[in-house]
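Quick note, the sequences are listed as chains A and B, same order. First residue of the first sequence: 1, per our numbering; consecutive thereafter. First residue of the second sequence: 291, per our numbering; consecutive thereafter.
Everything hinted at is true.
Reference listing, derived: stretches of chain A covered by chain B, where coverage requires no fewer than 3 residues with Cβ under 8 Å from a Cβ of chain B:
| id | stretch |
| --- | --- |
| 1 | 38 to 47 |
| 2 | 55 to 62 |
| 3 | 108 to 115 |
Hints were generated in silico from the structure; no laboratory data involved. Glycine residues also receive a C-beta, built at the ideal position from the N, C-alpha and C atoms.
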Amino acid sequence: MADLPQAGGLLRGAGARSVPLARWLTAALVAAGALTVIFPFVWIALTSLKTPPEIQRVPLQLAPDHWGNLENYREVFRRAPFSRFLLNSALLATVSAMSSLVVSALAGYGFAKFRFPGHSVFFFAIIGILMVPFQSVVVPLYLWVSRLGLLDTYLGILAPDLVSVFGVFLMRQAIEAVPDDYIAAARIDGCGEWGIFWRVILPAVTPALATLAIIKFMWTWNEFFWPLVVVNSPSMKTVTMGLIGFTNMYFIEYNLVTAAAVLSVLPILLIFVILQKWVVQAAVMTGLKG
Amino acid sequence: MDRQRRAGFLFVLPAVAYFACVYFIPLVESLIGSFYRTLPGGASRFMGFGLYERVFTDPVFWNSVKTTIKLLALSVPSTVVLALAVALGLDRLTLRWRSLWAAMYFVPFAVSLVAAALIWQWLYEPVYGVLNHALALVGLPPQKWLQSLNQVLPSLAAVNVWVRLGFDTMIFLAALQAIPGEYYEAAAMDGASARQQLWHVTLPLLNPQVVMVCILELIFNFKIFDQVYATTQGGPAGASQTIIPLLYDTAFKYFRLGEASVMAVFVFGVLLVVTLLQWRIFRRPVDY
Chain A
1 MADLPQAGGL
11 LRGAGARSVP
21 LARWLTAALV
31 AAGALTVIFP
41 FVWIALTSLK
51 TPPEIQRVPL
61 QLAPDHWGNL
71 ENYREVFRRA
81 PFSRFLLNSA
91 LLATVSAMSS
101 LVVSALAGYG
111 FAKFRFPGHS
121 VFFFAIIGIL
131 MVPFQSVVVP
141 LYLWVSRLGL
151 LDTYLGILAP
161 DLVSVFGVFL
171 MRQAIEAVPD
181 DYIAAARIDG
191 CGEWGIFWRV
201 ILPAVTPALA
211 TLAIIKFMWT
221 WNEFFWPLVV
231 VNSPSMKTVT
241 MGLIGFTNMY
251 FIEYNLVTAA
261 AVLSVLPILL
271 IFVILQKWVV
281 QAAVMTGLKG
Chain B
291 MDRQRRAGFL
301 FVLPAVAYFA
311 CVYFIPLVES
321 LIGSFYRTLP
331 GGASRFMGFG
341 LYERVFTDPV
351 FWNSVKTTIK
361 LLALSVPSTV
371 VLALAVALGL
381 DRLTLRWRSL
391 WAAMYFVPFA
401 VSLVAAALIW
411 QWLYEPVYGV
421 LNHALALVGL
431 PPQKWLQSLN
441 QVLPSLAAVN
451 VWVRLGFDTM
461 IFLAALQAIP
471 GEYYEAAAMD
481 GASARQQLWH
491 VTLPLLNPQV
501 VMVCILELIF
511 NFKIFDQVYA
521 TTQGGPAGAS
531 QTIIPLLYDT
541 AFKYFRLGEA
551 SVMAVFVFGV
561 LLVVTLLQWR
571 IFRRPVDY
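Input sequences plus hints: build the corresponding full structure.
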């Protein structure tokens, strides 16, 4: 799993010995597939710049008449408090990323470098959560959040999202790789356990922390099921819920849906494109949301 | 306990306490809740296995199970086979091109399932959608896609394939690149053709990843909710009513929390079996 797409030799496997024509054919197929995968994004971006008459024109036209037509975007913000949705999602995603970092790093350190009664029981219990689909616990969680008066609050939306199993697992893996000598040296210098955590462990695992922050931010931003359960008022809605608001059983205004979709997807895509290497690494490493 | 052991315990305590509150206790409560019926006014009555009987004799429930399985059967094999093909193709490219195209395959994984579903709903749009326009160009009649009883599941499956393809490709690609080159050199020396190398070297070595990806896809597709809720809401005529949307409706639309808990226990049981199967398969370490 350590070898990522970025690594490896120039040419691998049977391809290195295949004839140039076959290699070109492979490249062409791979490229065509990639462009097919990307096309839906291009298509919604183009649609979001079109007026309803342009959308309904036959035969179909790809490009909008005016590239600078942002009327659909203005309408999205007029119809719904979409800036509030964006702000809500950004806030929730940031807080959940931060809380995940703190709790996962602490637990990762505890599991990686200490032995105490219950050590493996606790660890396997946490890993075992990966077997529990969130939907299996949603009814009791809803009753708890409701009893505590947290329906329709930020804390209520965040309740099941503050830490993820993935985070604990990732941090344990990363911290295990920190040499024990560093910790022993710090202890000899009179550093307390807390001081070691802050001054030795955290600086040593910064890349893993960054990965976790990005992944957790993305997950919370994209979350839909739980917010749908606990949120009622428009001012507490997240971007994914706001996006749903633009669909209607009878008539969907696709010029607005596509603009809203672009607004919901763009921040995540930017993060993804800039920090892609870390995201891919984490996804390949764990393979599972939890 | 000495100082260090206590410190270790304190470091893991917040996480353990959190997961106990969010997963362990609610899971037990779900189990208990599946035996009680909530009465108007908040009281509850012990039902024994009454609610299980009610859910497990309900044709709507079994229809949702059947629909879920149909969707699985459509999505999982196509995702895995396509991802394998793409990974094999990417593996043969030079480094620079490989990174570029691989990143493009991976992009849908970053967006929310709701956005993915709405993007595809627009492609599927029967009158103005780009897919029917493309069909018209080659002289084929327009299709109803998500609005058709027969096409709604394949259409949703296509969305799932699109969302998951890049992720599975990454896993396969990472595994492909970990295969030592000497294996191919040895095979070539024995006179194996490219196809023989694929069948007798690459695919057997990739077997663990194929099993893992199949199980991950099984779990992902079994839990499908966002895509259905965002597009068809289970329609037309229940043709896309999978199990989690049914659980959601039962709990939060009709407030039949007991029945929803029975479904929750059912979903947990099914995924538990699948995951244990995965652990069994993966306990064996893989040697190259």
